[in-house]
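First to last, the protein sequences are chains E and V.
Using the working numbering, the first residue of the first sequence is number 23, and each one after it goes up by one.
Using the working numbering, the first residue of the second sequence is number 21, and each one after it goes up by one.
Think of the hints as simulated: they come from the structure by calculation, not from any bench.
Wrong hints could be hidden among the right ones.
Partial chain E-side listing against chain V, Cβ under 7 Å, derived [as the list claims (entries may be wrong)]: (1) Glu70; (2) Thr72; (3) Pro75; (4) Gln76; (5) Leu84; (6) Val91; (7) Ile92; (8) Pro93; (9) Asn118; (10) Lys122; (11) Thr123.
Small disclaimer: the values here were computed from a predicted structure and weren't measured.
Backbone N, C-alpha and C define an ideal beta-carbon position, used for all residues, glycine too.
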Amino acid sequence: MATTETFVKSHARKQEAAGTMQLVSFQLGQEEYGVEITKVQEIILMGEITRVPQTPPYIKGLINLRSTVIPIVDLRLRFGLPEQPATDATRIMVVNVRGKTVGIVVDAVNEVLRINREQIAPPPPTVSGPGREYLTGLVRLNKGLLILLDIDKILDEEEINGSFGGNGETVESLAC
Amino acid sequence: MAPTPGYSEEMMGDLLGDFLDESGHLLGRLNESLLALDQSLREGEPGESALPEIAELLNEMFRAAHSLKGLSGMLGLGEIHELTHRMENVLDAARREQIVLDGRVVDLLFRAVDCLSEQVEALRKGDVALPDPSAIVEAIGQLLREASAERQISSQEDAENILRQLSHLETLVGELSPGEPPREDRGEARGPGGAGELHSDIRHNQSQSEKSCDVSSATVTPLGDAKAGYFAGDRGTRSGEGHTGAGTTPAGEMSQSEDPFAGIVDDDLLSGATSAYLPLFVDEARGTLDEWHEALLSYEESRSASEIQKMMIVAHRLKGAASAVGLRSAAKVAHLAEDILQILGEGHQPLLGEYLELLFKVVDALRAYMDRLAKGESSLAVLRGPAQQLCRLKQGLEAFGSHRPGPLAPSTKDERIPASAAAEGGKEKVADLCGVDVPERYHLPWAEACASLVSQGREKGSAYAGIVLFRPELQLAGLKARLIVEKLGDVAEVAYCFPKVAELEEADGLDGLVFACWSEASEETLRRQLTVGGVDRVVLRRVSPEGPAQGEVAAGQPGRNRSGQKVEEPVAAETAQNASPDADSLEAATTTQAVGQLPDNAGKQPTLGGGPLPSFCNVESTLGAASRLGTDRATSSPGQELAGKSQSLRCEVQNRSGSSGPQVNETLRVDIERLDELMNLTGELVIQRARLNQLVENLRTKMAGSSFFQLTRWLKEFLGRATAGGATSAGDFLGVGSNHSKTLWRIVEQLEAEQREWLALRALSNELRVSVHQLDRITDRLQQTVMNTRMVPIGPLLHRFKRVVRDLVRNSGKQIRLVILGEKTELDKRMIDELADPLIHLVRNAADHGIELPEERLRLGKPAEGTIVLEACHKGNAIIIRVSDDGRGLDAEKIRRKAVEKGLLSPTEAERLSLEETYQLIWRPGLSTAEKVTEVSGRGMGMDIVKAKIESLNGTVELQTELGRGTTFTIKLPLTLAILPSLLVRVADNTFALPVDTIVEIVQLGKEQIATVQGMATAVVRGRVIPICHLQELFVWNTGLLKEVPQSSALSSPRGEDAHKVTLVILGDRQREIALEVDYVIGEEDLVIKSLADNYRTIPGLTGASILGDGSVALILDVAALVDMACGTATSRW
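Just chain V, with the same shape it has in the complex (with noise of 0.2 Å):
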């Protein structure tokens, strides 16, 4: 699917940036949990799948999953969305326990992940093309429909293509569970990839969850802001199930005017897990929130739709992030803006005044509540006002669209509810539902319950309108729902009842009963008929037409009661919300001062009714129930006071609960390329700094060393002798009085005024030295902070490998335990881009080659099970990481007969070969000793790589091994990659750098100790017979050779009195060592790498350039590749 026009590629770029980030986390996320869930599963007894932890793994699985989905559905993504919505699936039946977890579904879910994986990869690479998830979605469709769960498929899949047939917007895919009825939201088809939907859904799916893990049968559920206790009280026996994603979220977004948050519980952020991503997140919110205030102003200025495109996006992005993290009162919050943008974004109907004010507000109150946030506060607080405005405001024009001459809406609305005005007038006047947990396909049917009371007018007794819900799977549920409707028409007279009496047989999949009521019995009487085998949940209210505040106390007390929760202020909020209905921009107005944000709202709340644009209070005319308003309204007005108060009491207790947390770290997202430019120009300030260290140094010695005060002393002695005694030989000439004399004395005097001067230089040297060495420790501190900056711990890479041993040990029948050590090392962010590749092989290897199958350990005396331990940690100005295992280690004899069956070695070679040299030849590229190349390892090209690849980081590679106890690799690396300590020659009038790691020694030789093998110069360096190199030789110089300096070797080139020695830096590389003949050597520097393909290209056989401390450019020479030349010259010449 392509993304969905009308972006701009620029919005898009960005959104994708943003989504690569998140799906990294989350692929991470689900990874993990699918490790954990195979762990346990392994572990545990078959059959067990109901264990507590698998199910929060599933939950946790699912809503990594979920996010995906949003995300990917946002920006048209349409390949990543099927697959996550097909992984939906599956967790959703593993969930409900539909389908066995088993090793296949893990492996599935598994290919699934990798998919995924290698879908963003593609992303991020630019690709157009994502790999086909087909096969795998395909397989999930096979599991799910052996899993008996076809029917539910086969109907998703129905109700997906209807749903398309009736948006018009291919990227909507909606997914409706069995037998759902038709949904009441359907008319507000989400314009970027229906993720809105989407998201709605999945709250559906999780309420259901959550029922069928309520284990009472008929408890009736607290209403109101009871709820919240209900779950904060419950969430203790659920072990963390605390954020059980939106699903918490009662979804009854039509019904609840009053206190938007009811029932809605924000994870405990503070604490645990979710605190760490909290200044990321508050981060990212904050530069949301300025990009939505910018759209905000610029959409003042131009009106254009594409603004408010914009805002919602940005309102889409903000709710996902805010419930990833937990706070989904600010989810819920930008969701309402989101939606009513989408409504008003739909109807083509510029935002006028009132709207973009409260759309203002809603900025405003997310930014404060932000800042709260970073303090550490969870302060609801500020924004419930305008929380609730919205709430209303979105109430309002749904009930608008329905008569407007929308794309969508009407249509879909009133093909299923013909009364359905009706229906919004009674949702408005009962709309107590909120904080009931109940499926929102049971909203609208329960507006038109409370509308049928409502328009049919006082019968006899009380008005009660009520939800039964079954339990699910219940057997029959039909007949169980028409037993129900018969029993409840003993006590009363039922008004309304869906689904139809008639149809409550046929209904498929039935899983709850709507119904209106007139009865004289007591609440009391009507649950107990109520209560049948087989029912979940009951949902009983009183609903009086005429005056809703008085009977609803009576109502809604006894199920706080029951549920011990506490009494006085609820009581009082719900006789508020009861109350306000019609007085509702009066209250909200109240509230919003009662917690002391935005004064001015008061002032502006009446205009938004009486605005030109379709409101609240315009629905109430069109409802019929304006003749009402003045009545409602006055008997509401203590109400108000009520709901004031226990507003403010809330939120003081939200206060007091939330300033106990600890305060948040700010965090800022940087390019990492600034960061390389920091760090390399803090590069530079450090090398430009042991410069000015080195000059001072000399400074010092050359003032110390001066004999200049000496020799003035001696000076004046003797001229003071001179001319005292006056019986010297010149005595005459030196006389006192004479002119010499006086002159000599003139001098004398200015030598001493010189000595002060000189003195006062000195003073400042010294002083310039104190000063060179704070300097000194300050770029320190500030090398080392920008380190610092870019380190990033190497725990989530290691992790990763788990996943690599656990798909081994599955192909191999091996039992092999990955222990992870010192996850907490951090290293150069770059640097652990750069070491997964080298790490996954030697971790395979281990796993593969290393560790034995478990008969044969056993045979050997060591535990079935193979260790391999993954270890970093810090060691003086070094970072190593350790790979190792307890298996059969490396077999000498096997190396060398491998390598000599490859033609690596003749024979004899290998028989002269010590141990040591002998598995230093694993590094060789084609060696293996593995006996069949398997899927995994084998070709013998993985350890050549793993070298090249730590050497371009310059780092190195060494391995330890003993037969049959194991191997160990251990990797050194330097702490950064900016900064590279390197040998300084001169060869031909030209400065070279070469890395001091690669340099094995410096030697000096005679002339007469340079051999020729084979037209080969060779040195004799302590019994190793090394080729000698020429730069001359082994580049090619197109600009007339390095400068004057002859061309042939060094052998018959006469330099002084040291023709006759040899200067030669003996490199080494993978146990290949060449002689590189240098003029001489300069000295070891710091040097700082530039790179040259910035400006131009790279170059074989140089690894970069590097600006010298005069100023000069010298280029850094790649050992490997020298030496790879070399001997590709020592062939050719052979």
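Just chain E, same shape as in the assembly (with noise of 0.2 Å):
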């Protein structure tokens, strides 16, 4: 597991009561997407990865991160991109989501950076492709675009409750 690169967010949430929010960008294929930083728990590099049957083919399998044992989610097979080897780019996102704690491999993990709620922009109809649905809005940044995830609902959805009776908790949004 080596080496991990925590993000200090202390005062992350003081700030988005100002009209600001602060993302984690990272790069899945060739789109860049951000996640609320209040979400990433820290940041680590691919380690092994003991994998686990009955599962679906996006849980890479379980890994140890400090005694805890968490299940890994490759983002590129949830969205249905092909699986690539990975790379020293590559990284583990460990998230916290509704008290679980899941780690998602992504291509690489740009930057943080803070935005205005304004230059949200909601999805536009037409767009279609990986992970569509999980969309809550494009940000407009000035080297392009930035798809903002709701990491709550992609691992709501299926991997959490999942196709195994999910207990119909209700969404909390903790975004916006």
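With the hints as a guide, bring both chains together as one complex.
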């Protein structure tokens, strides 16, 4: 598991009230995605992953995160992109979703950026492609577009409660 | 009923948690008492229900039911409240022998308790709809009606309705007795669920029941403090009756201005059963007091009414807890505080400085009290001062309350007593009912009586006020009362009578008479006049409207002398008490100073009277008594001193009696999840320690085995000889002084230096070893301690089965004795929770199938009564739980036949089974030897459940049986659930863990020993044919299966020199075996189980995961599920 790059996010929440939010942006295929920083616990390097049977393909397996066993989701597979061998840039983003800690494999983590809420545009109805249903919006940046992901929803629908009789907890949106 | 609005969700949740906790205990107690009752009823002659132990049991149950009622009322849990209320009715009726205690009643109670348990369980699960108790409520109503207690019920219900209308509080359910005159404290209908009111109701009931056991026909009740002695002395005869709940409280809050604890006897809680709960109580009480304190502080800040509410709830909780452990004095203080808060809260008046100050003081005093309690002292001294102040404040507020436009109080009070203001005055004047056990409903008439004497002024002779109490169930009580009034008229002039003389004859269910009179006759004469047949007790007091102090000593003393109680001290106390009504605040100050508590009290006290809010002094003046204030103060000052002295004396006595008690252990309530976490961490520590040990051991052997020294020595010797000799062929090369020689010697020197380093290293390694060894021991102890914190005795669990057996016995006509052994054996809390289910199946089986009917047993030469033994003990690192019966045992023939019938086996297979194998069939689902399916068993699922459950706890269950002799089931469980001894195996570059308990054996077979039977690879191991399974096939692997290893079985995969050998781990589950093919076995290790559901979800076939010493994650296989899967695939293939 080696080194961990932990984000300091203590003041992240305070800033949110002021109409700005902090995102962690990451790369997946050709697209750049963003996740609210409050959801991200830490970012770690790829390590050995113990595979688990009886799970959907996008569950890569389990890792030991400081004595906690957490599942690893390959976001590429989740979004229906072709699987790719891990590179030096490949990272696991450890996110907290409804009390569960889950690792998400992404091609690369780009940066932490602060945006204004005004910068978020609703996803255009024509957008189709990987993860369409998990988009909450698009963020216009100078260098291009960033796809804002509702990470809760991604893991909610199938991974966490999944096809194994989800218990219908109410979705409390921590965002916005 | 919805929870009373106005509480924050959080607080309700908190309270609910407490309630669930508490109700568990209470239900357990109810159940246990009920069982004991059932037992003694069946053993005893019918109709002998008056046995003292039965009465005690009824009391016990009553208390439990009442506590539940109070708690549920507070939380607004209508269903539970209703049901417990009904139970109280039944228990009360039984206690008064209005109904005959028989099987039907007990059954009904059992049903009620069951229903309560269900309700509590539903609450625990968070269900909104609680099970409906109406059927049982109806049945209880029926029962009471039949027992001609109908009138009581109907009048009770009427009273309830009236009360509801009056109070507009839907949660208020009053409990009034037949013909009871309107209650004086109706005005203070309690806010949160009417709990306070119910509390006093019960006191009333209990005091009545006490009365009924008082045999003397006209005992003059000793007065004042002597009362405490009276109870203490009486306790012996009533064998443990000491804690009659709040029953011993004389319930005369209104009149108790002087000694708030008079007549209150705390249980001797430093001995006996309650002592076990004391640490818990102290602990909880401290928490509660902290909360209270916090609420006070935040009230000071915010002045918000919700804080008053919160304080009320907190005080109520404390009251409940204190009276549950028998600390009635503390309960009383809390009760008073609650009342005051209530009155203030209702009036929407802010609590001003003095009130807050007093409440702070109360909290402090209670804290001090708890501290002493924790040290094993029971000291009321610290409570007395604040309690007195509370008492007075309450009276003041109440009196004032009749004038203020409060929401409830005036309407109810005034309609009954036009002269209530005067009555209040009288009460203040002659508030000396304290310590006398008189039903609360007579307190107001008493006050009125006294008031009438005061208001009418002196006529002739002395003024007397009295209460005559009739024996319960006295026929024609009205006539008797009339007679008494007439007799009294002979020697005295009756100034007041309650009920009114004209109404006496019509009065139904009369049980007492309050009067006031002027008479020149002596007290003795009066008493004689009053004592007629049917009179239970007479309370007679001389009332001196002008100088209360003078007459009272004379009046009080005879009573005390008669009862043979101590004379000196109480007199002093009495004097002081009577002298002080107007000098209360001063006396209180003296008292508190005398006991050394809160010395600042004296300075603050006077402000209480002069404060802007109505308080005691204001009341006095409204009542027109202010004119006498000055003189009274003057006359009473000697009394003050006496009071101070006697108080301190009493405190001393209490201190002395208390200090001998044992030290109370401190406890702490901890969330079990934290303990789980602690346990997990310890488990990991233990595993790391094992690894460390291994490393150190390796290091040591490596170092010890090194030939470093040897080689250096040889080199040195050789070099020495070579250089010295000079005659060797190498002579020139290594000659003395040659460069080479020098170089070599230098190397040798360096080697020697290295050697020293090496030695130091070895010493270090030894040190490391020692310290690791030390760590070892500490870890062991840590693990032990952590485990111990989770251990609870199995006793309560085992005792639960008494009930199970009892029910079975009733339905079956069998005679069964349940013997419980080793109830002190401690098990992990989680384990206990899980064990209930399997054990219930085993016990039911034993009772239902094992034990024969009495006739059959006698025929077989066994005692008619069968025995089931439930036994628990520790054995090595395991816990053994045995369930054995002396019944008919398992019939192998029958099992075989059944198995064939059910299609579990073919007849030929059945033939071949050994006895042992046959018995094992019982674990198969669907097999039952019962001829018919009964209510409790016979479906054949039970044993399957037992086995599955025990295995989920990593335990095993075995059975021994002998036809005609009985069956024994032995459950073996690990001490803890957290650590799992496992075998690590390697399959296709993945490490898997197999619980050691599930492994039958490990074998290596040559390929030739593996045959294919109908497409399945099977191995023949010691004559058994076992199917071979592969994890690659059993599971669905999404990520391209297990690495690059070919998917096909080992038969075709060449693996180096081992290619012709196959390693098989034979796993067994319920007599089914599979052979798991593995690449190789790594070894045994203790693993800490990590749940997959914590961060993901459960996965069929896996018990969980574990982190190995190297930090990697290994999957722990669920062998039972594997076997199921294997069998499933097997059948699908065929």
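Checked hints:
no. : hint   : result
1   : Glu70  : 6 Å, holds
2   : Thr72  : 4 Å, holds
3   : Pro75  : 3 Å, holds
4   : Gln76  : 5 Å, holds
5   : Leu84  : 5 Å, holds
6   : Val91  : 4 Å, holds
7   : Ile92  : 5 Å, holds
8   : Pro93  : 4 Å, holds
9   : Asn118 : 10 Å, violated
10  : Lys122 : 5 Å, holds
11  : Thr123 : 5 Å, holds
In terms of the numbered hints stated before, the structure departs from hint 9 and from no other.
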